[in-house]
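Trainee: Dock the two chains into a complex; use the hints.
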Amino acid sequence: MVTKSAVKDHELVPEHVLLSVEEGVAVLKTYGIEAPQLPKIHVSDPVAKEIGAKVGDIIKVVRRSPTAKQSIFYRLVID
Amino acid sequence: MTVPKRIGKIRFGLISPQEFRKMSVVKIITADTYDDDGFPIEMGLMDPRLGVIDPGLRCRSCGGRPGECPGHFGHIDLIASVIHVGFAKLIRKLLRAVCRDCSRLMLLDKEKQMYLEQIKTLDKLGQPTDDVVNKVFAEARKHKNCPYCGAPQMEIKFERPLSYVEEGHKLTPSDIRDRFEKVPNDDIQIMGMNPDTARPEWMILTVLPVPPVTMRPSITLESGQRSEDDLTHKLVDIIRINQRFQENREAGAPQLIIEDLWELLQYHVTTFLDNTVSGVPPARHRSGRPLKTLSQRLKGKEGRFRGSLSGKRVNFSARTVISPDPNLSINEVGVPMDIAMELSVPIIVNARNKEMVKTFVKRGPDRHPGVNYITRPDQRRVKVTDKNCEEVAEQIDTGWKVDRQLTDGDIVLFNRQPSLHRMSIMSHRVKVMPYKTFRLNPSVCPPYNADFDGDEMNLHVPQTEEARAEAEILMRVQENILSPRFGGPIIGGIHDYVTGSFLLTHGYKPIDRRGAMELLKKFDIAGLPQPAGVKDGQPYWTGKQIFSAVLPKGLNLNFKADFCYNCDVCKGEDCENDAYVVIEDGQLLKGTIDAEAIGAFKGKITDRVIKEYSPTVASSFLDKMTLLALRGIMYAGFSFGIDDEDIPKAAAEQIDEVTRTARENVQKLIEAYNAGELEPLPGRTLDETLEMRIMQTLGKARDGAGSIAGRYLGLDNSGVVMAVSGARGSMLNLTQMAACVGQQSVRGERIRRGYEGRTLPHFKTGDLGAEAHGFVESSYKDGLTPTEFFFHSIGGREGLVDTAIRTSQSGYLQRRLVNALQDLEVKYDGTVQETRGMIVQFKYGEDGVDVSRRDYASPDNVKRLIKKILEKESA
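First to last, the protein sequences are chains B and P. Under our numbering, the residue at position 68 of the first sequence is numbered 77, and the numbers go up by one with no gaps. Under our numbering, the residue at position 591 of the second sequence is numbered 594, and the numbers go up by one with no gaps.
Here are the computed distance ranges between Cβ atoms for each label pair:
#, chain 1, residue 1, chain 2, residue 2, range
1, P, Leu423, B, Ile60, 39 to 47 Å
2, P, Gly557, B, Glu32, 47 to 55 Å
3, P, Gly760, B, His19, 48 to 56 Å
4, B, Glu31, P, Ser313, 44 to 52 Å
5, P, Lys830, B, Arg72, 14 to 22 Å
Here are a few chain B residues that sit away from chain P, every Cβ distance over 12 Å (derived from the structure):
#, residue
6, Glu20
7, Leu21
8, Ser29
9, Gly33
10, His51
11, Asp54
12, Lys58
13, Ile60
14, Lys63
It is worth saying that the hints were derived from the structure and are not from the lab. Glycine residues also receive a C-beta, built at the ideal position from the N, C-alpha and C atoms.
Next comes chain P alone, as it looks inside the complex (with noise of 0.2 Å):
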């Protein structure tokens, strides 16, 4: 076994020429990389001291073979020193610093040992010392002449990208590094580097390191052609350049030429480091594509650091679109075929299955459930074909695996990201459908967070029996239905299936024999109960009595619904609104199913389910609870239309009534305003007294629109339904359709921006009306008026531009938080601790209690407990 190592200190430097040259296997001179043959040249870019990638042959340097053998670097001598781009701003921090002719720090001795001490101690205590150093340079730059050999310092002005020019003098990379050479130690320290392992003439290049071939891998086409990297081509116009350099010096060309080959050069060497250079054209492949180099391999999202070392992807997982299915559990997935097919379980074949696994390979691939591999006892794998399937199904014996396709029933990860909280995994049974999507239950949809509209998923398959097994113990979905955050189901109904059991619940409607089967027919039941009543000689049943088929027995639960109207008094059971819900003994009966009652984020029937039975029966419970409201709501018949916002002319004139009000009552504000009447509200100015009774009036006029419009609109409506369910909208939603949309604003004010002292044209100069900043008198039905339109639209634009900042701040919130806490952990002691074992909490939570395993402390709970006591000594 292999020590593992632990790493004691990670020190970044510049590499020196001098190691560039010791770490070089091989100096390449050749541009070329392969001869006619197809064997690499030597000294060519593909030498085989390089390393190797082709299989069969070994390492010319360290005889490993591909896989084993990490790659070695090689070296190009430039023939003129280059600028290494990734440093050109320190460069000419450095050039402004050192003096032009003795090149030491232009400051006093006396300023050189106070800046150096405060590095030093700095450096002790582990702090950045980036403010220090930023002080020396600037101060180093304020020397007119060096305190030293009295040279005067010349302006240095640093063109984008890379050239450096003295007084209208251009510097040549090998002038600088000729400076550079020559700064002492001593002064480099007070520059904040380390002379051992960065001295700033390393910064300008005059060796390049050539990677190892392992590093940039030659593709062969299927023609036989070979496709090199983009890093092989880059370094073949470096070594084509260098060349040249090199003959035209040779020949004495002149200087002219000598500078144009030079400025290629660093061109090439500046693309070759980074392609993204501003001011730098990017290199380009033949086809016209930027080519991929050094910089970019690592940069960004997906570059090495974010895309290959902190996320990578993972075998046996699927992702495709989503859509829902309300006859499948909750606790089910529904998988297309297509990838059923080509995901697997291992199966470790045994004495016992060893018959029944025979039976799957021997339907081969293509017939589900099928087997795509076997692996033997020796670890070698054999495909699974149509035509070996007989005779690979013959040899199967103990201890082989086999890897059987997904089937109904497997335990598989369903995951949604972005990955927020524990329930965006959950585990779920796979059921095989045919079609293309995955398919989920919509009640599952809060805790993923997921709608219909596009949204794609994960899916894993866990491919031992350890991880099965926690998949199936921590992460089923109905181990998931009470959410750590606050305690209450997070599962449940949602839009329709609120709607659905509140029609089939509210009142004592009567439904027919015919009816109620209809209602019904989805479950496991063996008879409908007693009939509440018989009108037309035909019994009759109530939509409570239906729903209490769904409960579980011996249920004791009281309530208030969602649509409670909070009255001043409540009369409890006697509500006359049947808004306050008793369930008996499983038997719902009074008060209306709504979001209260079996929505998600509140649903108190779930929660007691859960709580007093099990997850499984509150699983079971939701299934049948959904199927029943969709049969509700189709037996009652539901939809919403342009017509349902109607409201009845008298209706609309009263609101006309009411906003005419509004706005005469603002003009006689305005009006009082200016006659200086207004008297101010404490500790405002007249000003924000003036807008905030504006404000105020108008804010009034809506909701006095939105009750007119809400007096007309009743149970009748389906937009009341759904409002006053909890299904989905609010009543003020349907207010702004029916009614009046109200005043719109940004950042919490009426409209002011625009023009001087007007928002639009279409207004007088410091008009201060309703209209004028931004009250919209229209309901969505009416339609807005140009103007209002145009406030609107300024309204919602401040609505979207905080969505988007919102989500974009928490989520990086959210991320470091995580980090933080992510390795911390509740001990079986209840202490919270990290990983070296230091305590954080003494007791979770300083309570040690489980947010989703606790009861709502109230009196409630008292009275329930010696009900079902005393019902168990009476028993």
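With the rest of the complex left out, here is chain B (with noise of 0.2 Å):
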């Protein structure tokens, strides 16, 4: 039997989060950016197609930091 296991369930992948248009223009708004200004992310991605991003979506990503407990990133997804 074969089982299909999410990318994201896996203990080293950080956590994905797919933001909202509104939750998207707050993140641009709080660091006056444009989104082009943002890291990118593919949306072959594995992490980007299992929550079903589409060009165009910020995933934000929660990272474990040794130091700051968690720090959060956010990514353009791009073709």
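Mentor: Here is the structure:
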């Protein structure tokens, strides 16, 4: 039997959250930037596919950090 | 204002003869430069149309004055074509790939189509096409006959440096050019070239561009004689040969002479382009110096790219040898008078400073601090001399700029290469001094990684108010005491400072009034503290009390000293070894001040002072501490000599015993191995096991010998004082000197290389014993036996090679890292962005912490905070 496991369930993969359009705009506003200035992630990225991200979406990545407990990154989904 | 231009793209290619002619302003036919009256000869190498270098003249091509006119190219028509050395290898590849008859690339149409497509896709992706192109050449060479005309391909031998031999017959450049001219455009593309910008026949020169005079200026010597640039000399040679060639050819000279001349022309053109081609003797000047031709101008460290474009030289800077001066503050630098009188700081004259500036100007340039130059409001610069200084001083008015010589208190940047971290450039205050070296406080050696074995350092004088402000706020030594690398102090006591404070503060030795005064005489202190006690009717003080004089008031601190023995149960304040430091309200109550307290890279006290008070307080603490430590070491007296490595006879016998048993144990191991009784360790072969066991035994022997020696060497030994206080050296170094050097190793193994089965002819083949594989039983003091000495040299050489390789490798790694990261910037909102505004990190380092501004997260801090607040409440 082949069990297909989700990439995002792996302990080394940080938590990815798909932001709504409003949330995305809020993020851009807090940093005073345009969407292309964000770090990028491909739509074809396994995690991006799993959470159903589309090009132009913003994904919030919550990483664990040894010094800051958690560190939040935002990524723009690109083709 | 000029509109900034943006470079869209850069395309490299070959220049065609047509293009050479098009950009040429004059055809050069005579090798002469100037006529008898000193005027440039027309159509000569210095033709006025090539540009101007003589002041006062105008360019005949563009009308520009020297400096405005960039210069213009001319050309020489070569009588016979010659090969461009830079393309010699490529020409060889091409010759082998194209048919000798029909000049088509010797691949089948199908193959051509395939390769062309591959190249096109790679180009679209912006990836290098080298691999495919090399494949094309390799495949084309395999064909014995041309697939198109059927002509048999012959083997082409390339003879260094520049001749191509086809079946014993030498190909002339013209032959090659003829072949290349016929290569169809489509085939050129398959060979990775663009036929519009790089036709293969353009690699054979028929026209030689003559560089403008602006890039080969002639210099007039004092004697009035003109001295030409190396390039001009080379061009003269080329034209002469070219002329002779033409004359001979027209006169119908024999083939042999023509060939010789052709060869000569090829030689001159080759050396004009590159004078370091292997196989070609370099063209030399009359004096025997090799000429510096085109390629030499660009290549290497002093070439145009690395020397002139990436690296530049600056004004208002100085460089000289450094030497120590413990009497200087850590943020001062001693500048030699000669340098101070040359460097200057600009002062703009205004109503308030006018009179003061006048006094400077009146001193002239020879009486420090004087003035070297003055700039009037109309930007005219006037050199101040001894003669005109009085006169100039009277003229001075608001708005004039005066270049005042460097004086005490000016802020300057001080730097030592390699500038690996930001503490490699710090700002110091000038202290003008006699003699010819820069002087600095030895405490600032660690950040610069400087020593005084001949190191040189650079000094730069900021010329604007903004630069001075930046230097003062960001770059002062005291602002850089805490390293951003690990958040601790990088500046602190080294060597004698550590030894001195150790000797002063260890134990409770009584110091009489005279001694106390002696120790404190350099300080601005009103009186001595309460004596610690009375002995023989005389009051006495302790070193701890004396040291407390330099500690800031209100400092509270507890920590383990560097020489703490790491007992199983720490007794804390009751430490018997005086290794637990207790400072209360700026009084050193217990413990010894050593490297852990004030040393560079450790410095608990420095660290606390900087965080609790300010960098300025810390800097003055360091100043005072260094002075006191030196007084301390002088008061105690300190020396280290060969007899400090002496150990008692009893100890020597014990050490002999230890090494003897070790040797016997090794022998036993070997016997067990030979008898097949040795049990292999898990995961190891029998041989590996034996090696490991032997290494273990011998390692133990060295440690045993060391601990015996250590038992006999106490704190009355100056070597031990240095090792224990963290000033210099370690106990290992001492035991190597006094007891036993130990096993020498190469790549972590015993030494095995040498002859077959043995390391040296002094041993039996297959000897696995200790001394046959580099165990040095002697101490450095006793001296090594010849075989030991040899093994020691092997081990020592490995160390040297490792350091040499490590520095070059880590240097390159650092360079790549810095180049990649240099434009990143932490913005005011804490994000890290690069120049386009792309976000790299949303919070600097994930946590937004500046390492040098944080305090170590320890419960100690909570206690201290509570104590502080409670104190405030009760007050």
